[in-house]
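A.B. asks: Residues per chain are reported as follows:
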Amino acid sequence: MSGELTRMTAAELSAALRGSDVSAAEVTRAHLDRIAAVDDRVHAFLHVADDEAMVAARAVDARRAAGEELGPLAGVPVAVKDVFTTMDMPTTAGSRILDGWRPPYDATITTRLRRAGAVILGKTNMDEFAMGSSTENSAFGPSHNPWDLTRVPGGSSGGSAAAVAAFEAPLAVGTDTGGSIRQPAAVCGITGMKPTYGGNSRYGLIAFASSLDTPGPFARTVLDAALLHEAISGHDPMDATSIDEAVPPVVAAARQADVSGLRIGVVTELSGQGYQPGVLARFAEAVELLEALGAKVTEVSCPHFGYALPAYYLIAPSECSSNLARFDAMRYGLRVGDDGTRSAEEVMSLTREAGFGAEVKRRIMLGTYALSSGYYDAYYGKAQQVRTLIARDFDAAFGQVDVLVSPTTPTTAFPLGERADDPMAMYLADLCTIPSDLAGNAAISVPCGLADGLPVGLQVMAPVLADDRSYRVAAAAEAAFTQRWGHPLLDEASGLERLEQAEPRGAGR
Amino acid sequence: MSITRDEVAHLATLSRLSLSEAELDHLAPQLDQIISAVARVQEVTAEGIPPTSHALPLTNVYREDEPTPCLPAAAALDQAPAVEQQRFKVPRILAED
Amino acid sequence: MTTAGTLVPYADALSRYEPTIGLETHVELGTRTKLFCGCPARFGGEPNTQVCPTCLGLPGSLPVPSRTAIEYTIRIGLALNCSIAEWCRFARKNYFYPDMPKDFQISQYDEPLCTDGWLDVTVDDENGQRRVRVAIERVHLEEDTGKSLHVGGATGRIHGADHSLVDYNRAGIPLVEIVTKPIMGADAAAPEVARAYVAELRDLLRSLDVSDVRMEEGSLRADVNTSLAPRGSARLGTRTETKNVNSLRSVERAVRFEIERQAAVLDAGGTVTQETRHFHEDTGITTPGRSKEEAQDYRYFPEPDLVPLAPPREWVEQIRRSLPELPSARRERLKAEWRLSDADLAALRNADALDLVAGTVAAGASPADARKWWLGELSRRANETGTELAGLAITPAQVARVAELVTSGSLNDRLARQVIDGVLAGEGAPDDVVTARGLAVVSNDSALTGAVDDAIAANPDVAGKIRSGKVAAAGVLVGAVMKATRGQADAARVRELILERLS
Numbered sequence: 000m001s002g003e004l005t006r007m008t009a010a011e012l013s014a015a016l017r018g019s020d021v022s023a024a025e026v027t028r029a030h031l032d033r034i035a036a037v038d039d040r041v042h043a044f045l046h047v048a049d050d051e052a053m054v055a056a057r058a059v060d061a062r063r064a065a066g067e068e069l070g071p072l073a074g075v076p077v078a079v080k081d082v083f084t085t086m087d088m089p090t091t092a093g094s095r096i097l098d099g100w101r102p103p104y105d106a107t108i109t110t111r112l113r114r115a116g117a118v119i120l121g122k123t124n125m126d127e128f129a130m131g132s133s134t135e136n137s138a139f140g141p142s143h144n145p146w147d148l149t150r151v152p153g154g155s156s157g158g159s160a161a162a163v164a165a166f167e168a169p170l171a172v173g174t175d176t177g178g179s180i181r182q183p184a185a186v187c188g189i190t191g192m193k194p195t196y197g198g199n200s201r202y203g204l205i206a207f208a209s210s211l212d213t214p215g216p217f218a219r220t221v222l223d224a225a226l227l228h229e230a231i232s233g234h235d236p237m238d239a240t241s242i243d244e245a246v247p248p249v250v251a252a253a254r255q256a257d258v259s260g261l262r263i264g265v266v267t268e269l270s271g272q273g274y275q276p277g278v279l280a281r282f283a284e285a286v287e288l289l290e291a292l293g294a295k296v297t298e299v300s301c302p303h304f305g306y307a308l309p310a311y312y313l314i315a316p317s318e319c320s321s322n323l324a325r326f327d328a329m330r331y332g333l334r335v336g337d338d339g340t341r342s343a344e345e346v347m348s349l350t351r352e353a354g355f356g357a358e359v360k361r362r363i364m365l366g367t368y369a370l371s372s373g374y375y376d377a378y379y380g381k382a383q384q385v386r387t388l389i390a391r392d393f394d395a396a397f398g399q400v401d402v403l404v405s406p407t408t409p410t411t412a413f414p415l416g417e418r419a420d421d422p423m424a425m426y427l428a429d430l431c432t433i434p435s436d437l438a439g440n441a442a443i444s445v446p447c448g449l450a451d452g453l454p455v456g457l458q459v460m461a462p463v464l465a466d467d468r469s470y471r472v473a474a475a476a477e478a479a480f481t482q483r484w485g486h487p488l489l490d491e492a493s494g495l496e497r498l499e500q501a502e503p504r505g506a507g508r
Numbered sequence: 000m001s002i003t004r005d006e007v008a009h010l011a012t013l014s015r016l017s018l019s020e021a022e023l024d025h026l027a028p029q030l031d032q033i034i035s036a037v038a039r040v041q042e043v044t045a046e047g048i049p050p051t052s053h054a055l056p057l058t059n060v061y062r063e064d065e066p067t068p069c070l071p072a073a074a075a076l077d078q079a080p081a082v083e084q085q086r087f088k089v090p091r092i093l094a095e096d
Numbered sequence: 000m001t002t003a004g005t006l007v008p009y010a011d012a013l014s015r016y017e018p019t020i021g022l023e024t025h026v027e028l029g030t031r032t033k034l035f036c037g038c039p040a041r042f043g044g045e046p047n048t049q050v051c052p053t054c055l056g057l058p059g060s061l062p063v064p065s066r067t068a069i070e071y072t073i074r075i076g077l078a079l080n081c082s083i084a085e086w087c088r089f090a091r092k093n094y095f096y097p098d099m100p101k102d103f104q105i106s107q108y109d110e111p112l113c114t115d116g117w118l119d120v121t122v123d124d125e126n127g128q129r130r131v132r133v134a135i136e137r138v139h140l141e142e143d144t145g146k147s148l149h150v151g152g153a154t155g156r157i158h159g160a161d162h163s164l165v166d167y168n169r170a171g172i173p174l175v176e177i178v179t180k181p182i183m184g185a186d187a188a189a190p191e192v193a194r195a196y197v198a199e200l201r202d203l204l205r206s207l208d209v210s211d212v213r214m215e216e217g218s219l220r221a222d223v224n225t226s227l228a229p230r231g232s233a234r235l236g237t238r239t240e241t242k243n244v245n246s247l248r249s250v251e252r253a254v255r256f257e258i259e260r261q262a263a264v265l266d267a268g269g270t271v272t273q274e275t276r277h278f279h280e281d282t283g284i285t286t287p288g289r290s291k292e293e294a295q296d297y298r299y300f301p302e303p304d305l306v307p308l309a310p311p312r313e314w315v316e317q318i319r320r321s322l323p324e325l326p327s328a329r330r331e332r333l334k335a336e337w338r339l340s341d342a343d344l345a346a347l348r349n350a351d352a353l354d355l356v357a358g359t360v361a362a363g364a365s366p367a368d369a370r371k372w373w374l375g376e377l378s379r380r381a382n383e384t385g386t387e388l389a390g391l392a393i394t395p396a397q398v399a400r401v402a403e404l405v406t407s408g409s410l411n412d413r414l415a416r417q418v419i420d421g422v423l424a425g426e427g428a429p430d431d432v433v434t435a436r437g438l439a440v441v442s443n444d445s446a447l448t449g450a451v452d453d454a455i456a457a458n459p460d461v462a463g464k465i466r467s468g469k470v471a472a473a474g475v476l477v478g479a480v481m482k483a484t485r486g487q488a489d490a491a492r493v494r495e496l497i498l499e500r501l502s
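Protein chains in written order, with numbering that gives the first Met the number 0: chain A, 0 to 508; chain B, 0 to 96; chain C, 0 to 502.
Read the hints as simulated data drawn from the structure, not as lab findings. Please note that the accuracy of each hint is not assured.
[Stated by the list, open to error] Think about it this way: if two alpha-carbon atoms lie no more than 30 Å apart in a straight line, the pair counts; the simulated DSS-like pairs of lysine-lysine are: (1) C:Lys334 to C:Lys371; (2) C:Lys242 to C:Lys146; (3) C:Lys464 to B:Lys88; (4) C:Lys482 to C:Lys371; (5) B:Lys88 to C:Lys482; (6) C:Lys464 to C:Lys482.
[As the list claims (entries may be wrong)] What follows is a set of in silico ranges between Cβ atoms, one per label pair, in the way DEER data are often shown: (7) A:Leu279 to B:His25: 32 to 38 Å; (8) A:Met53 to C:Arg312: 20 to 26 Å; (9) A:Gly398 to C:Glu85: 52 to 58 Å; (10) B:Ala36 to C:Pro287: 42 to 48 Å; (11) A:Asp420 to C:Ser232: 36 to 42 Å; (12) A:Gly99 to C:Gly151: 27 to 33 Å; (13) A:Gly18 to B:His25: 56 to 62 Å.
Yeah, the Cβ is synthetic: ideal placement off N, Cα and C, and Gly gets one too.
With the hints as extra help, turn the sequences into a complete structure.
C.D. replies: What follows is the structure, given as structure tokens:
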């Protein structure tokens, strides 16, 4: 039974819980057992909250038994990227500088999950302060792709993606700043969504790049992602940048799953050199499939997309150099070198030297450079203007088509270690995802096949506030592909079989 | 070359990062490479183009002047590296503000 | 360095150099809550009890600006005749310092909320009074920092301290920064102009009810910039910035000292170092702050956690309409109503008695009476006890009552002073003191005739003079009766009775 429970989708679990076919305690127990069985090798989790999760699950069961009307996610387990504050669990942002930090407040996303009755299984691994595309920048060791444990699960929300792909959780929350939800989803063969910027609260989200960070859902189906999206989205008065509008009807759109008559644009610039041939092939097949389903497909040029990567790698580091200044050893977190003789300035520098990894240091210095007097106009200032041009490219494109499509990322999952000390190579993983972060519009990644045995993602981009449109197209693609394959893509993950067959190495965490 | 090793060392100081010589040797060329790459934005003509920082042109988001609950001092201080007299104890400060 | 160094006497310095001054004042707004969070913005709580994730800058926290703080800032800008921005943003000012929870301060940089205003001040000079128009460059809004105690050093200052203790209660309190344009043409009156500006600004802010503006408590902080240029030179000199100027008097002294110091540097052929200096209250000198290797680059950029401010014009006009009568207009009005000379008005301002007198007049006293009591007896009492006029334990309404009792004849001046003593001593309201101490003027004939007869009998020569027509001599008998009645007799009635008896 336990094995079956972890194979169920969130929607299926929700129905079973509602119908009292199974209890939240059983569902949670099954997932905690799964984590214990495989996470020693997947390393999706930094912290597993066994006791807290069982307490929360039993509380849901009690409320249901008392006849209370509960929401669709009540009793459904969820994994939370360790970038969101949780009062009852440590929160590290994948960094040594926050190792052991217990926040005195919950993120709004955390509060909304709890209020929905979702059971938080634990905090997932991530690239340090969300900077990276592989989780290799985590201070606590990388996560491993369940498809092939020698490969990366993507990043920065790699732990969340791996947890869902390894059936350790049906749902997970991540954040997307340059592609950090969509890219891991693509390389792990699951669905990951970046909502419209501002649609989800950043209160309690440890900031990397304030104008880009966007919380969003991971799931094994588009409908599941939509259910999670609806539960956590919406205006928050604690976040001045959050949108004060109704949440787009994403669940209805996921159920609608119909693209007939829809105009779909293939972005010319998101293709070509550096793209794995198998990825391009699967993408082309996906476009054909959408056409077969009744969509009208055209090519659309977004001429400034070629400048998206450099613009992003100016804006994000600039904002992060400022956001990470607060880690100065004075109020919380790591303190190094305070031997009674050193000055505050020295202790700050020694602590940050010891507490931050190489990528974080690179980006902090890059940001400091780009904001420096004399350089601001040419770098940060210029990048923000390029951002406007990219947003205008999107506006023009959406004047011609309803959604834009591209591969989610140029290659399938690369081996651990291959790009770890080659920042420029690592940055290329975000080529297709970055434009939507800069413009703030909605974008989803859904599996569209395998290339050399590894998953490929299809990205569907929709206008600002039209998140539902992304879900609609993604759901249509998912349904058609599942029918063509005869099963969900994950069933082909040989890495998972190997996980199941082998004995767990040592204790489960 | 976009940036020299000395300039990188200076950036490290500004960022309160006390990099070792070995780290500087490692990071400086990487930073140089990255800066050359991102400098590409200067190829774009953007005369009169306004900057963007939000997907939607929001303005005037406020809160009212109503008190909300504070953290108890214990909660504020219990994660602090050092505490004295209910205050955050920090090493001696060099620069005057 | 804690010595004054070489100074050129003031008049000498002014003969060869022309001073330019500028002032930056920070005002702590009297809002109920902090600028970006709902923690109380009160003075004096236990350390770190008025903090939350946002004002502590905890990872993940976000700021949300207070509409009231923005309104107060606009109010200040309008009162200073500024233009109010149609669209502007907050900006991050980045620097590392332990009293800054985020190691950046949310402030405003190249888009302040208010710009280009002015404030007129008046100073006395050899020719009487001179009006100087101080141009205001900008008024913007920013958050205050936490407060550090430096432990282990000799003076409680940073130098020599072993460690510091930081309290973040003050972090996040809204601060309005008001920056003047360089003030030229103040010439020899530069120190007075600086002081008059801060005084006028303080009165203005108080009238707007946006802050309690107490320099001693730090809710009004002034930094003074001073530079000298050789007379006839077209260019401005290098300026220094002096901080830790905690009273009006210090403003004046700091400018005067800097002029004398900089003149000495320039006379010796040197150049004035552009630096921040620290004013010492006890000695009246300025000393250099710790030198920084280079000028600070704050790497300003627009605050990405906040959206722009675009105050609607109707809101700005509504705020403008709700402005109270400003102090300068009020002074002109009262001067006309009370028929005061410039010197009279100046006396009231110097004694900080204007509001008290106005309150007394509003409670029914004549302007002359109100001025007499506050500038006379009450000022004397304040000086004696070392308190401020406003700190005396008597209200304008009570003073008006005393004046009324004198006018109606129930009290004379001497008795009135005793009533005031009683009120100040906490014995109650004026009427209560009169009753309790039995201070009413006695004008009842039956009570007085006995004393009158006694005085006549005791002074036969004087009585004789009066009978023979020397009416003026009655004063002696009146004095005797007053003495006998411990000053409580109605002197006028006593005189009448005496004349009746002896005519």
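A.B. asks: State the violated hints by number, sorted upward, taking the hints as numbered earlier in the document.
C.D. replies: Of the numbered hints given earlier, those the structure breaks are 3, 5, 8, 9 and 11, listed in rising order.
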